[in-house]
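Engineer: Chain residues, written in single-letter form:
There are 2 protein chains.
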Amino acid sequence: MLLQDLLDQPQVSWMKPGAKDGDIVLSSRIRLARNLADIPFPGRAEAGQLQQTADQIHQSVSALAASDRHEYLFIPLEQLTPLDRLILVEKHITSPNHVQESKGRALLVRDDSMVSIMVNEEDHLRVQCMMPGANLSEAFALADRVDDVLEAEHDYAYSERLGYLTSCPTNIGTGLRASAMLHLPVLVLTKQIQRVVNAATQLGLAVRGIYGEGTEAVGNIFQISNQLTLGYSEAEIIENLTSVVQQVVDQERAARSALMAESRSLLADRIWRAYGILRFARSISGQEALAMLSEVRLGIDLKIIENLPAEIFNELLVATRPNFLQKRSGGENDPAARDRYRAELIREKLSAFEIKQP
Amino acid sequence: MLLQDLLDQPQVSWMKPGAKDGDIVLSSRIRLARNLADIPFPGRAEAGQLQQTADQIHQSVSALAASDRHEYLFIPLEQLTPLDRLILVEKHITSPNHVQESKGRALLVRDDSMVSIMVNEEDHLRVQCMMPGANLSEAFALADRVDDVLEAEHDYAYSERLGYLTSCPTNIGTGLRASAMLHLPVLVLTKQIQRVVNAATQLGLAVRGIYGEGTEAVGNIFQISNQLTLGYSEAEIIENLTSVVQQVVDQERAARSALMAESRSLLADRIWRAYGILRFARSISGQEALAMLSEVRLGIDLKIIENLPAEIFNELLVATRPNFLQKRSGGENDPAARDRYRAELIREKLSAFEIKQP
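The listed protein sequences correspond, in order, to chains A and B.
Going by our numbering, the first sequence opens with residue 59, and the numbers climb by one from there.
Going by our numbering, the second sequence opens with residue 59, and the numbers climb by one from there.
Treat the hints loosely; a few may be bogus.
Listed next, the in silico BS3-like pairs over lysine-lysine satisfying Cα-Cα at most 27 Å (straight line) [unchecked claim]: (1) A:LYS407 with B:LYS407; (2) A:LYS361 with A:LYS414; (3) B:LYS74 with B:LYS414; (4) A:LYS407 with B:LYS361.
No lab work stands behind these hints, which were simulated from the structure alone.
Chain A on its own, in the form it takes in the complex (with noise of 0.2 Å):
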């Protein structure tokens, strides 16, 4: 894998479809936090100690490659731009918080984008799994799998009493966030999504948008994830996250089919004219771009739009983003220019495609 593709494209394969309720969850996403035991933590480590956490984690490179014959990539953020980091953010390969600095800090990356290891993030390592759908468990064994080599090679902070320790007493324990995207238009659309919301914090899940902790749900795109680490083996976070997105999938197709019996040309009619709008805008902001897309996600799914890939979709999330934006459009920072230049991709894009018109 190069790094310039990493950048560049913005395909990554946790979009790819076909994957289980795919048409409401986006994908799925593992998170495990991981220290070692002879350094502290990045938070009060010294930079030669980043740096040794860093030198240490890219020695496992060989490893990794061995046990599951993928290539890995070792990128320390240094090497990268500010803009080619917060990319990667935007494509969901590591965290907002990650990339703040860079002295030290590395990413290891999978050449298929599905696995990346954060090293010196709030912890030493924080080994994320990303997959299409509503797949939790698999993402999670692919992120064991990656953890015991890891820590194989690796003494990790450990207490027999609480489990694995880390910077953040929320992590403590397991270390495990999981979390699924979800994509809720018509919960939305209807106002029920408040209520979903609700039962999902009383069932101590956090819901958040599409770019984790603070930031809202634009594009109708919904995270949810487990607040608990400790007092749960894996297998039950796992289990009762698995069963919460469930839920909401179904909800969110009792509320698709409900609409389509009671306001389907109403509903084609909304889908419809955001498609027109994202097929011929000159100009068209980030958040705009999102609920336009959503509204043509949904016409997608509903099978009120043919001829569509619903990938699109997933590729325009990543390749709207304006730092993505910015660099496809050769270091733009204007606004206006990059608004401009959003709409010329999803133009280009969507125009690929001969649409079916009923």
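Starting from the known structure of chain A, arrange chain B on it as the hints suggest.
Structural biologist: Chain B alone, transformed into the frame defined by chain A:
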């Protein structure tokens, strides 16, 4: 000419392209109010007298046909369904006032619908000539010829001191109402229109919406007409109105140039979004359709949208009116169904032209 064509075709010949200032002046209209000397004005006439007027005018068909080698169709309004009468209003062939009653009322229409003579509207005769573009003099010349033919056959109510006598004193004298229909999207957009309206009013002109008195200027279309019929010669009235229309055209053109220079890309965005909505919406109200069509027409005029003929705007102005739609959809008069049918018709028309997107 078949009556059916007159009712079914949205095109009328005053929509033809290539006329003078046709990008801004959609049409020029002349209306002459005349009354027969020996019969009470329609407002005071009995049923038999209305019929007598209609019969007398009916007899002029051959003289009219002989004068200009056109075919003239005499249509007693009683032979039309109420819906068909409203369609003739939407096509500007007759007036809302004329079709409120049908008994004894009739319409004489030339095969190209450039000449229509309302029988027993407010006056016994309303001779109307409509031409594409800024063509008031030519339209007046045509109305004058038609009037001469009629005057040779009938005895008009005429006073040496006052001129032609009419039901309403505001029409006495020349009996002439001249008007031009202007498309002024950029004077509206840049909020200069009120100033233009005020100036025209001070010059003794009236500015109204697309369907005359009491109608709103939807679709950025305005009718400018003379108010005074007495104390000025026909030539003076035409000259005055022509000069004001020319000034308004110049102002709209200047506003368009300034806007293109200052905000071309914002304008292009507005225009293409309107096109996108018209091209894909599944339901659209008459008012929204006119607003969006106005944007698209501006886009055609400014060569922002290419490969789309300007006449499509004029044609859709008529074709998307409620009564015309109701007839075309086979009598559907549920407003929601009509909005859907309107959207379908617009999609059908627009998708017939392959659009070049820059």
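Engineer: Indicate, hint by hint, whether the structure satisfies it.
Structural biologist: We went through each hint and held it up to the structure:
{"no.": "1", "hint": "A:LYS407 with B:LYS407", "result": "holds (25 Å)"}
{"no.": "2", "hint": "A:LYS361 with A:LYS414", "result": "holds (11 Å)"}
{"no.": "3", "hint": "B:LYS74 with B:LYS414", "result": "holds (23 Å)"}
{"no.": "4", "hint": "A:LYS407 with B:LYS361", "result": "holds (24 Å)"}
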